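Asker: Based on these hints, arrange chains V and W on the given structure of chain R.
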Amino acid sequence: MITIHQLTKQFGPVTAVDRVSLTVNGGELFGFIGPDGAGKTTLLRMVNSLMLPTSGEVSLWGLNPVTDYKQVRTMIGYMPGKFSLYLDLTVEENLQFFASVFGTTVAENYHLIADIYSHIELFKHRKAGQLSGGMKQKLALSCALIHKPRLLILDEPTTGVDAVSRGEFWEMLRKLKHSGITILVSTPYMDEAALCDRVALMQNGNVLQVDTPIGITQGFTRPLFAIRTQHRHEALQSLRGWEYVHKVYPYGETLHYIDHRQGVTVDDIEAYLSVCGIAHQGVQRVAPGIEDRFMELMDG
Amino acid sequence: MKQLQAFIRKEFKHIFRDGLTVLILFVMPIAQLLIFGYVVSTEMRDAHIGILDHARDEATREITRRMAASGYFKIDAMLSSEAQIEPAFRQGRLKMVVVFEPGFSQRLQKDGTASVQLLADASDANTAQLLTGYSNGIIQKFAMEQNVASGAMPSIHTQVRMFYNEALKGVFMSVPGLMAMILMIVSAMMTSISITREKEFGSMEVLLISPLKPWQIIVGKVIPYLLLAFVNILTILSMSYWVFQMPVNGSLALLLGVSTLFTLVALSLGIFISTVASNQMVAMFISMFALMLPTILLSGFIYPIENMPWALQVLSNIMPPKWFIIAIKRIMLQGGGMEYIWKEVLILSGFVVLFITLSVKRFNVRIG
Amino acid sequence: MTHTETVITVSHLYKKFGKFTANDDLNFEVYRGEIFGFLGANGAGKTTAMRILCGLSSPTSGTAMVAGYNVAEQPELVKRNIGYMSQKFSLYEDLTIWENMRLYAGIYGVTGKAFRDRAENLLSELHFLNHRHELIAGLSLGWKQKLAFTVALIHRPAIVFLDEPTGGVDPVTRRQFWEMIYEAAHQGTTIFVTTHYMDEAEYCDRITIMADGKIKALDTPGNLKASMGVETMNEVFVGLTR
Numbered sequence: 001m002i003t004i005h006q007l008t009k010q011f012g013p014v015t016a017v018d019r020v021s022l023t024v025n026g027g028e029l030f031g032f033i034g035p036d037g038a039g040k041t042t043l044l045r046m047v048n049s050l051m052l053p054t055s056g057e058v059s060l061w062g063l064n065p066v067t068d069y070k071q072v073r074t075m076i077g078y079m080p081g082k083f084s085l086y087l088d089l090t091v092e093e094n095l096q097f098f099a100s101v102f103g104t105t106v107a108e109n110y111h112l113i114a115d116i117y118s119h120i121e122l123f124k125h126r127k128a129g130q131l132s133g134g135m136k137q138k139l140a141l142s143c144a145l146i147h148k149p150r151l152l153i154l155d156e157p158t159t160g161v162d163a164v165s166r167g168e169f170w171e172m173l174r175k176l177k178h179s180g181i182t183i184l185v186s187t188p189y190m191d192e193a194a195l196c197d198r199v200a201l202m203q204n205g206n207v208l209q210v211d212t213p214i215g216i217t218q219g220f221t222r223p224l225f226a227i228r229t230q231h232r233h234e235a236l237q238s239l240r241g242w243e244y245v246h247k248v249y250p251y252g253e254t255l256h257y258i259d260h261r262q263g264v265t266v267d268d269i270e271a272y273l274s275v276c277g278i279a280h281q282g283v284q285r286v287a288p289g290i291e292d293r294f295m296e297l298m299d300g
Numbered sequence: 301m302k303q304l305q306a307f308i309r310k311e312f313k314h315i316f317r318d319g320l321t322v323l324i325l326f327v328m329p330i331a332q333l334l335i336f337g338y339v340v341s342t343e344m345r346d347a348h349i350g351i352l353d354h355a356r357d358e359a360t361r362e363i364t365r366r367m368a369a370s371g372y373f374k375i376d377a378m379l380s381s382e383a384q385i386e387p388a389f390r391q392g393r394l395k396m397v398v399v400f401e402p403g404f405s406q407r408l409q410k411d412g413t414a415s416v417q418l419l420a421d422a423s424d425a426n427t428a429q430l431l432t433g434y435s436n437g438i439i440q441k442f443a444m445e446q447n448v449a450s451g452a453m454p455s456i457h458t459q460v461r462m463f464y465n466e467a468l469k470g471v472f473m474s475v476p477g478l479m480a481m482i483l484m485i486v487s488a489m490m491t492s493i494s495i496t497r498e499k500e501f502g503s504m505e506v507l508l509i510s511p512l513k514p515w516q517i518i519v520g521k522v523i524p525y526l527l528l529a530f531v532n533i534l535t536i537l538s539m540s541y542w543v544f545q546m547p548v549n550g551s552l553a554l555l556l557g558v559s560t561l562f563t564l565v566a567l568s569l570g571i572f573i574s575t576v577a578s579n580q581m582v583a584m585f586i587s588m589f590a591l592m593l594p595t596i597l598l599s600g601f602i603y604p605i606e607n608m609p610w611a612l613q614v615l616s617n618i619m620p621p622k623w624f625i626i627a628i629k630r631i632m633l634q635g636g637g638m639e640y641i642w643k644e645v646l647i648l649s650g651f652v653v654l655f656i657t658l659s660v661k662r663f664n665v666r667i668g
Numbered sequence: 669m670t671h672t673e674t675v676i677t678v679s680h681l682y683k684k685f686g687k688f689t690a691n692d693d694l695n696f697e698v699y700r701g702e703i704f705g706f707l708g709a710n711g712a713g714k715t716t717a718m719r720i721l722c723g724l725s726s727p728t729s730g731t732a733m734v735a736g737y738n739v740a741e742q743p744e745l746v747k748r749n750i751g752y753m754s755q756k757f758s759l760y761e762d763l764t765i766w767e768n769m770r771l772y773a774g775i776y777g778v779t780g781k782a783f784r785d786r787a788e789n790l791l792s793e794l795h796f797l798n799h800r801h802e803l804i805a806g807l808s809l810g811w812k813q814k815l816a817f818t819v820a821l822i823h824r825p826a827i828v829f830l831d832e833p834t835g836g837v838d839p840v841t842r843r844q845f846w847e848m849i850y851e852a853a854h855q856g857t858t859i860f861v862t863t864h865y866m867d868e869a870e871y872c873d874r875i876t877i878m879a880d881g882k883i884k885a886l887d888t889p890g891n892l893k894a895s896m897g898v899e900t901m902n903e904v905f906v907g908l909t910r
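Residue numbers (my numbering), protein chains in the order written: chain R, 1 to 300; chain V, 301 to 668; chain W, 669 to 910.
Next up, chain R with everything else stripped away, as it sits in the complex (with noise of 0.2 Å):
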């Protein structure tokens, strides 16, 4: 188990991470979810042992990262953020070099990296540095998970990859985290959020919420209305004029409405719109997204 309590990092003036406290199960796929800027990484760094904490601690299964840190370190492994695979050592050098500098052989712990280097075998004799996004990461991927750790942290390991591999990449998680290894992992994707057992959603260093994806969701309790229109602009200012208007914003190809009463309808949206002289393509309440929720908590 993880425990982080009241952890603080302050880089001069400014506070990176901001009194954090939280914990995470044993066998946990846990997402650190938050924009750039959010102190995700510098939280990440704390945890792993790279970063000394201004204040607070962090106990990973009664190990201080501080004061443990050689412990910590055999236990964990790590992607960091920026793409950290040797691109002119081959796919299989790479492996075989943290093989050895964690003290294994990529014989004795291939059976853990099977599922995810299979795919990338067949580029065994390929530079790292000539493959794709998705095997990249891939490799990074098995490197990490070559010396049996015992806790995954990665840091934006989706940042910069496309759709499909990030799907995969996904995937391979959920089935590393059947065989009881447990996952730190950060992203600025909210729509990530739901692949993960629970989430924290992070904003300029503060922990807003912790839960389930779906315990997120729920937390938002007003009637929300998605608004489908091609005149997204005029849609969006005469809304703002409404007197019963919360908050009107863009969400992909609609606009998310939320208004003041309880008991608002979708009919009475439509007649207002129609007032308006805003055609549209129907108005419609849906169940909230993460971002949506992610937004009412940074109103405060």
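Think of the hints as simulated: they come from the structure by calculation, not from any bench.
Computed from a prediction, not measured in an experiment: that's the story for all the values here.
Do not rely on the hints blindly, as some may be mistaken.
Stated by the list, open to error - Over 10 Å on every C-beta distance to chain W, these chain R residues come out as not near it, computed from the model: (1) T3; (2) Q6; (3) T8; (4) D18; (5) R19; (6) D88; (7) Y110; (8) H119; (9) M172; (10) Q209; (11) P213; (12) V245; (13) Q284.
Unchecked claim - In the DSS-like style, the derived pairs of lysine-lysine whose C-alpha atoms are separated by at most 27 Å in a straight line are: (14) R:K82 / V:K499; (15) R:K148 / V:K513; (16) V:K499 / R:K127; (17) V:K313 / R:K124; (18) V:K499 / R:K124; (19) R:K247 / W:K812; (20) R:K82 / W:K812; (21) V:K313 / R:K127; (22) R:K70 / V:K661; (23) R:K124 / W:K687; (24) R:K148 / V:K302.
Even glycine gets a Cβ: it sits at the ideal position worked out from N, Cα and C.
Answerer: Only chains V and W this time, still in chain R's reference frame:
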């Protein structure tokens, strides 16, 4: 141990897979040595020389004839007095003057020994060196062929005098400086860049997280460059010896030992730079400006330290290349042994200890 | 929003590098005031196509007309009439907001009073006029993005090319950014967005999906999802490129 091996193997792969690195490591030293060695043209045909023949006998005429016939020299002037020598050098008309002593032939026959003076304009050190070398060869060959009455081996004593540049700062002088410079580039710059590259690409984070110990990372980075630097030392020395006929008067083992010591200084400096620099560009700039320029300007490589202002002379004492250059000149040119260079060796060892201590202190097992 | 006026016309566009065909018979039109999404995985050929449309590279065959000019024959005129913003590089960190604006305006020949009026107008709309003498380095990522977009509009280009404009920004800022885009589109600027983030694609009027150098699909996000019977653009993309 296996971890260290894997690390070193990886380093060698990085080095040999990067064309630019290979070029810097292996081609640049040779190219630089050639450029420095041949800054003066070694086109030795028809060098203008003068003869001041106080003897005017059979032997001196024959030596003069042979020199003219060798093709290396063009006898430009027959001088009649010593007073004419300097003006001829000053005007750049002559590169060398051969002075035969009075009664040359007679002395050679009777005493079995005679002497000749070779006066060269050494402002062009390399040419002067070659001219006197060739002349000496012709003269000695002539001496060997003489049948002398006494039956003893005849000998002609040649006395070489260099004008304007008595210390003869030419290729012989530039080889030690060049070695210092190349070892600095190979060792300090390449190591610091290769360590900072890992920081820049984020792989250092993974290495730190791994069970590799800091000393293993450092040693793993140092060993490949130490070996490559040693290859460079051998290349430079063999080239200076065979291409430029530079003598190695002292012990070769001592020479290699001191060079390796200096390589260690440079490597520890490189590691130190990498603990200060956050990325490759910074490492490169520190190496260039903090190492290369002082190596070239303040070590006595190009400008003699004796002629520097007092402040710079003091500053030159903290330049490791200065001590290295002094030491290897003593070994190579003066044939000095350990007893002559112990002070330099001690100072260089001090630098190694200093930089390693600073690096270990600064090497962070964490980031930020 | 009825689209009649065409600002980009691409027909039978091919780009080959040796044996490799990066763009294989591309055909599409983009209308005035449209937000056009250009999607594809890394290496699908979208960067190559965008370089051609910006006048940075010539097609091997076929034609591309951008803002009324042929990219192969009048690349300089194409460049004058487009704006560009990328997430990777946008504004000079060590210059102030105002200095950045003056720089880019100057590059396009907008100077003197014309520049001042335009820049003040744009900053007022952002409610950021009081901050104009602050360094870019001190701003949040969200503000940098919004300002970069503003600067890309400073010479009133017909088309603005945006390269992954909102990756990594928080949901609120991201929406402010899209609202700026809607506003610009509403005023007649065409917005050409290249991205591989599928959630960015959802905000576009129409999108093309490229794979292996070819256009696999071109329609509104809603129609694409409906035609494949899926819920998200992610699924559309995975379905089309697998």
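Asker: Does each hint fit the structure? Answer for all of them.
Answerer: Now the hints, each set against the structure:
Non-interface call for T3 of chain R relative to chain W: holds, since the shortest CB-CB distance, roughly 27 Å, exceeds 10 Å. The claim that Q6 of chain R is not at the interface with chain W holds, since no C-beta of that chain comes within 10 Å of its own (minimum 24 Å). With a cut of 10 Å on Cβ distances, T8 of chain R stays outside the contact zone with chain W, its closest approach being about 21 Å. For D18 of chain R, the shortest C-beta to C-beta distance to chain W comes to about 16 Å, beyond the 10 Å cut-off, and the non-interface label holds.
Remark: the non-interface label on R19 of chain R is consistent with the geometry, its nearest Cβ contact in chain W lying 20 Å away (cut-off 10 Å). Against chain W, the non-interface label of D88 of chain R holds: every CB pair exceeds 10 Å, the least being about 20 Å. The beta carbon of Y110 of chain R is kept farther than 10 Å from every beta carbon of chain W, the shortest such distance being approximately 28 Å. Here H119 of chain R stays apart from chain W, with its beta-carbon at least about 14 Å from theirs, past the 10 Å limit.
At roughly 15 Å, the least C-beta separation between M172 of chain R and chain W is larger than 10 Å, which holds for a residue marked as non-interface. For Q209 of chain R, the non-interface assignment is confirmed: its Cβ lies about 14 Å from the closest Cβ of chain W, beyond the 10 Å cut-off. Even its closest Cβ contact with chain W, about 15 Å, leaves P213 of chain R beyond 10 Å, as expected for a residue assigned away from the interface. For V245 of chain R, the non-interface assignment is confirmed: its Cβ lies about 15 Å from the closest Cβ of chain W, beyond the 10 Å cut-off.
The Cβ of Q284 of chain R lies farther than 10 Å from every Cβ of chain W, with a closest approach of about 12 Å, so its non-interface assignment holds. Between K82 of chain R and K499 of chain V, the direct Cα distance comes to roughly 10 Å. Compliance with the 27 Å bound is thereby established for this hinted pair. For a cut-off of 27 Å, the pair hint linking K148 of chain R to K513 of chain V stands: about 19 Å separates their Cα positions. Proximity of K499 of chain V to K127 of chain R is assessed by CA-CA distance (about 20 Å); at most 27 Å being required, the pair is judged to hold.
Restraint check: the Cα-Cα separation between K313 of chain V and K124 of chain R comes to about 16 Å, which is no more than 27 Å; the hinted pair holds. Between K499 of chain V and K124 of chain R the CA atoms are separated by roughly 25 Å; this keeps the pair inside 27 Å, and the hint holds. A C-alpha spacing of about 24 Å is found between K247 of chain R and K812 of chain W, which places the hinted pair at or below 27 Å, so the restraint holds. Of the supplied pair hints, the one linking K82 of chain R and K812 of chain W holds, its CA atoms being roughly 22 Å apart against a limit of 27 Å.
With a C-alpha separation of about 12 Å, the suggested pairing of K313 of chain V with K127 of chain R holds against the 27 Å cut-off. Between the alpha carbons of K70 of chain R and K661 of chain V the distance comes to roughly 18 Å, so the proposed pair stays at or under 27 Å and holds. Between the alpha carbons of K124 of chain R and K687 of chain W the distance comes to roughly 25 Å, so the proposed pair stays at or under 27 Å and holds. Between K148 of chain R and K302 of chain V the alpha-carbon distance is near 18 Å, which keeps this suggested pair within the 27 Å criterion.
Hint check: no violations occur; every hint is consistent with the structure.
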